[in-house]
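2 protein chains.
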Amino acid sequence: MDLYLLFSYFLTMAKELNEIRIIELFRKHLDSSPHIFMGLKSATGIHEDAGVIRLSDGKLLVVTTDLIGRKTHVPPKMTLFQMGQKAVTVNVSDLAAMGAEPLGLVFSVGFPKDITTKDVEDIAKGMNVAAKQYGTCVFGGDTNQTDDIILAGTAIGITNEEQILLRSGAQEDDIVAVTGWIGGAALGLYCLKKGIELDFHLLQYTLEPKARLKEALILNKLKAVTAAGDITDGLAWEIFKIGEASEKGIIIYEDHLPIQEKVIEIAHAYNLDPLELALYIGEDFELVLTISPDKWELVKKKCAEMNIKITAIGKVISDRKILMEMKSGQIISLRKEGYDQFKTKF
Amino acid sequence: MDLYLLFSYFLTMAKELNEIRIIELFRKHLDSSPHIFMGLKSATGIHEDAGVIRLSDGKLLVVTTDLIGRKTHVPPKMTLFQMGQKAVTVNVSDLAAMGAEPLGLVFSVGFPKDITTKDVEDIAKGMNVAAKQYGTCVFGGDTNQTDDIILAGTAIGITNEEQILLRSGAQEDDIVAVTGWIGGAALGLYCLKKGIELDFHLLQYTLEPKARLKEALILNKLKAVTAAGDITDGLAWEIFKIGEASEKGIIIYEDHLPIQEKVIEIAHAYNLDPLELALYIGEDFELVLTISPDKWELVKKKCAEMNIKITAIGKVISDRKILMEMKSGQIISLRKEGYDQFKTKF
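Chains A and B, in that order, are what the protein sequence lines are. For the first sequence, position 8 (counting from the first letter as 1) is numbered 12 according to the numbering used here, and the numbering increases by one without interruption. For the second sequence, position 27 (counting from the first letter as 1) is numbered 31 according to the numbering used here, and the numbering increases by one without interruption.
Accuracy of the hints is not assured; some may be wrong.
Note that the list lumps identical chains together, so a pair holds whenever it fits in one copy or between two copies.
Claimed, not checked - In silico BS3-like cross-links for lysine-lysine, where the CA-CA straight-line distance does not exceed 25 Å:
| no. | residue 1 | residue 2 |
| --- | --- | --- |
| 1 | Lys75 | Lys117 |
| 2 | Lys225 | Lys305 |
| 3 | Lys340 | Lys81 |
| 4 | Lys32 | Lys129 |
| 5 | Lys227 | Lys306 |
In short, the hints are calculated from the structure, not lab data. Given the structure is predicted, the values throughout are model-derived calculations rather than measurements.
Assemble the whole structure, with the sequences as input and the hints as a guide.
Written out as structure tokens, the structure reads:
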């Protein structure tokens, strides 16, 4: 145990600050204003990743902000172009989870003194490609000198009270569904950090994640979604948040989880549990949604039509527990644990 | 000359990237969308510090973002409470310069692993105090792990096409005016960096700057202001920007500049030129405004009533030069130079 590890250990013992406690501290000290529909202080807002302003015409402005730093958020082999893309994607994903259409993004960027023209161009090109994919644009920003490359983005979206997706709307017997595949991004992150070669296709989940904006807006139009969130902090974490916000429980089924065979194989080869990757590491930019059971067939049909992969993985229950039924039939409690940058997972 | 200095020297020789060139690179690679009223790409937007979205009801959403890092933006002796205040103020100042009323702010904060509860609380309290001063609030945010303490804020304001203040509206013969005192913040910064003791009152310009939001909104209601900007990057810099955006020239008069006697005295004691501090260093959170000459008496009256210090320092001229008439009667050209974090001033 080197000095740094020892220090980390004592820090942990001293109830080290994690993301949740930091947000609690902000919430404690920050006041709100009357036109804030949802914010750090409001009853519903504490469950959401974005703040919401009510405009004078009744529409809702959804504002989300997220920062990535090269040293702390960018895995080995991720290029600056990909970093630019990801900086847009993390913010658009939060809009998607709330069913808001993006109006645009602004970025405060911090660059060290030795930044080159090519570096800046790579980042800008990545941002632009990603923004266009989501039908939006980066329309403003500011540049500063910092030690590390920092891309702090804010995405602004618009919606209304009928359409906004909150974590708090899940109803008993709703279907719990997830878009896409899960676990792949966490596996990619592990392999990149350990220097393990991985198939290019699998690495894309980690290096070029895509926000499920189109999917969220299409499903939202069906008025089928009762609650939603992205699973970038882990599927378990997001399910806990939806359960808490909705004051319900959720049970998911191990054998329904959309983990690719290839991911399971590689995980086993490195003594990793694919379930742990999918449930607790996160980095997947997929959405978990709760859907009224009477709308599930409609949702499946629409998703098939639009080529959207969606999988029913569980259901909402009245008993306020977050459970998983294993393939063996055994029912276990999920851990309320997610990817927290203030701890180190790998 | 140590290795680092040598390296810096070569970088400079190799046309080191400065803030303007970085913004040009972003502008080159970022596309816009039709509802962006003013952004990186639009004809007017290139002169502004904020992006503007046109909402469906015709109102304009002004969005500005600014990041401060402890190592790079926070002078010695500035507390974390003051850093929190400043992170709000820098963003609100950009809204003020555009005549927009703040709707709220969000923050992406980056904290190193060793951040303490007290540190976080100090920052949050500082943000809250400042936001309340400006009649607004911090309603959302995100926390991340970074090497340095990073506060990346985005302020959202609202206005309309009749009321938005742009740099491009200055007309020949308009009065050029500035709010408050100038030069004090740069002197404070110098003294803090050099470890020179300075009067508490004078240090406040540097440690607890205030955005001139109230002033901007009051003057804006008089429909007297034709162009505006804040002078945080230096008075000369802002005058150049207004001149360029408006396609006009500006002449200012040395003997009109509101530099406090005390600032002049202390500057001279340390062999500093008070004019250089006021014109080229910046850090003053004052506004420079161009005002129709027929409204100047009205503006003066209103400012006297509301206890707002405003000083006429020059006028807009047709000849596209940025000039200063010295006390001696000699007319000099100002240098197009401002505070650029990618260079080091002191």
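Here is how each hint holds up against the structure:
Within a single copy, Lys75 and Lys117 get their C-alpha atoms as close as 15 Å, and across copies as close as 13 Å, so both meet the 25 Å cut-off. Taking the closest pair of Cα atoms, Lys225 and Lys305 come within 25 Å of each other only inside a single copy of the chain (14 Å); across copies the shortest separation is 55 Å, beyond that limit. Taking the shortest alpha-carbon separations for Lys340 and Lys81, neither the intra-copy value of 31 Å nor the inter-copy value of 41 Å comes in at or below 25 Å. In the homo-oligomer, the alpha carbons of Lys32 and Lys129 lie at most 25 Å apart only across protomers (9 Å), although the nearest pairing inside one protomer, at 39 Å, exceeds that limit.
When the C-alpha separation of Lys227 and Lys306 is checked against a cutoff of 25 Å, the pair qualifies only within one copy, where the shortest distance is 12 Å, while the shortest distance between copies is 53 Å.
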